[in-house]
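Chemist: Chains as they are written, first to last, in our numbering: chain A, 1 to 288; chain B, 1 to 288.
Calculated from the structure, these hints are not laboratory results.
Please read these numbers as outputs of a predicted model, since none were measured by experiment.
Just to be clear, a hint being listed does not mean it is correct.
Identical copies look the same in the list; a pair holds intra-copy or inter-copy alike.
To be verified - Straight line, CA to CA, 30 Å or less: simulated BS3-like cross-link-like pairs of lysine-lysine:
1. 229 - 38
2. 168 - 281
3. 229 - 178
4. 168 - 38
5. 38 - 237
6. 10 - 237
7. 178 - 116
One-letter residues, chain by chain:
Number of protein chains: 2
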Amino acid sequence: MSDGDILAMKSSPQGMSGLAQSEFEPVLMELISEWLDKYALNGQIQVIACGMVGSQQGWCEAGYTPIPSAPSDVAVTKPNVEDPRIDVSILAGLSQAEPADVMRGEETQIAGFFAKQSDFSGLICMPGTHSKWAFLENGNVVRFKTVMTGEMYSIISDHSVLRQLVNKNASDANAFQKGVLEGAQNPELLLSNLFSIRARSVLENVNSNASAAHLSGLLIGTEIATMKKLMPSDTIKLLGSGVLSELYAEAFAVLGQSITPMDVTELTVLGLHKAWQNLTKEKYLNVS
Amino acid sequence: MSDGDILAMKSSPQGMSGLAQSEFEPVLMELISEWLDKYALNGQIQVIACGMVGSQQGWCEAGYTPIPSAPSDVAVTKPNVEDPRIDVSILAGLSQAEPADVMRGEETQIAGFFAKQSDFSGLICMPGTHSKWAFLENGNVVRFKTVMTGEMYSIISDHSVLRQLVNKNASDANAFQKGVLEGAQNPELLLSNLFSIRARSVLENVNSNASAAHLSGLLIGTEIATMKKLMPSDTIKLLGSGVLSELYAEAFAVLGQSITPMDVTELTVLGLHKAWQNLTKEKYLNVS
């Protein structure tokens, strides 16, 4: 066993959006109760957290560190904790002043990515509700951009005139590919291309699985084409997991680029481990 | 008094989305009850209808007439009517095969516009939930495009991560102008520019009136720039009414073009009158 090995994993459906500030500590303590004796050092477990737990609606606002910055050099904030058996550190996100942009959680994935490929220079794509694209150079995030692709898919499927025409999350490889090409060809026509899905459904009786896949492809194709043009790079890495990262890999392939997604859970753990190393180093430095 | 004069007007909040097929006739009869004796010719009033009343969810599906077509040459469908005191004709919409698109109601506005300017050649913009842009030539609609601008504003304000940041329908001239320019400059970045509204709110404490106006400007600027590029034309007319058409006129002005909106209610009446003339002509032709 060496530093950074995963000894145990837990997850909970109780996330930021459902918890009041005062509920974070008890929910965490209940989740990790069986670890408290097992893994504590000097009676304490060091907890390092990233993501929306550090947002204004989270446990404790952890702020943003401005770029350019190494993704593991973000600020750390410690919430007030009642139970002496835990010592909690929440990592800041990254911010960009112009054009204004923020990320929270993804900086830790990127820190984990650098732990594997410290000399990487180029573009990374992190699909999600709010997809993040970051340009990396010399160990730093030098520029990034958020695209509201996943959220648009969701609110269009649930609330727009297309809601009755799309069978949300259904797949249809052919319709998906058509959507990717249509989006990539004319990304500026997105708001028209969306209506075409309705028009085709009316005029050509397209079924709701195909319409859903077309919508998904249209949004992802629009995103990929726009971001590749905005931040040109010979090298692109895809960081993600599950169905969504497979869809992105498929879309990249439709656009002529073969990319294997890197598992984002593994990268997050690597990034948190890197943050732990930094914190420990600081502690030693403080002591000496 | 001459043909086409408006003798009386009525409106009802009971529209297509709230009525079952069988409810259209009684709702109409109640609305126009006092006209039945007053304006009937030979005991009957001729009713000419356009718009969503002819959709699949309307009174009677009136189909679409394919373009190129004169907007007043659309097909006419007659629903089964029980009351002999009315004779109802529902006008078809227009359809475009490639790229697939449909309009329903706007064809009558365009017919009304041609009644005023029969020799117009160029582009017209009809703002709305689903804005329509049409290229007109030789009295025909030769090409058109729908943009889901109004609906996107609505679902983003109500359902996206921006919902708590925007004070829907609030105005702020400065923020609106900024949004118009941002959208027009990089229309392909819409899904990123949307997220910038959130990022600016987080980083710069932008207030919710400014964010709402920025969102509105961003969407409208994106639409105008894209459509002007897609269908280049020396002449553009704006057909609309109320606050929305004023916003579009303001956005055109920000982009260096002074356009006075033409009142769409007047144009619709002119278009319906044109349809009545066509129907009457046909009747005479049938008789002769």
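Chemist: Does each hint hold? Answer for all of them.
Modeler: Okay, the hints, checked on the actual structure:
1. Proximity of residue 229 and residue 38 under a CA criterion of 30 Å is satisfied in neither setting, with 51 Å inside one chain copy and 66 Å between copies.
2. For a Cα distance limit of 30 Å, the shortest separation of residue 168 from residue 281 qualifies neither inside one copy, at 48 Å, nor across copies, at 49 Å.
3. When the C-alpha separation of residue 229 and residue 178 is checked against a cutoff of 30 Å, the pair qualifies both within a copy, at 20 Å, and between copies, at 23 Å.
4. For the homomeric pair residue 168 and residue 38, neither the shortest alpha-carbon distance inside one copy (44 Å) nor that between copies (52 Å) is at most 30 Å.
5. In this homomeric assembly, residue 38 and residue 237 never come within 30 Å of each other (Cα to Cα): the closest approach is 38 Å inside a single copy and 74 Å across copies.
6. Taking the shortest alpha-carbon separations for residue 10 and residue 237, only the intra-copy value of 28 Å comes in at or below 30 Å, while the best inter-copy value is 61 Å.
7. For the homomeric pair residue 178 and residue 116, neither the shortest alpha-carbon distance inside one copy (35 Å) nor that between copies (42 Å) is at most 30 Å.
Violation of the numbered hints given earlier is confined to hints 1, 2, 4, 5, 7; the remaining hints are satisfied by the structure.
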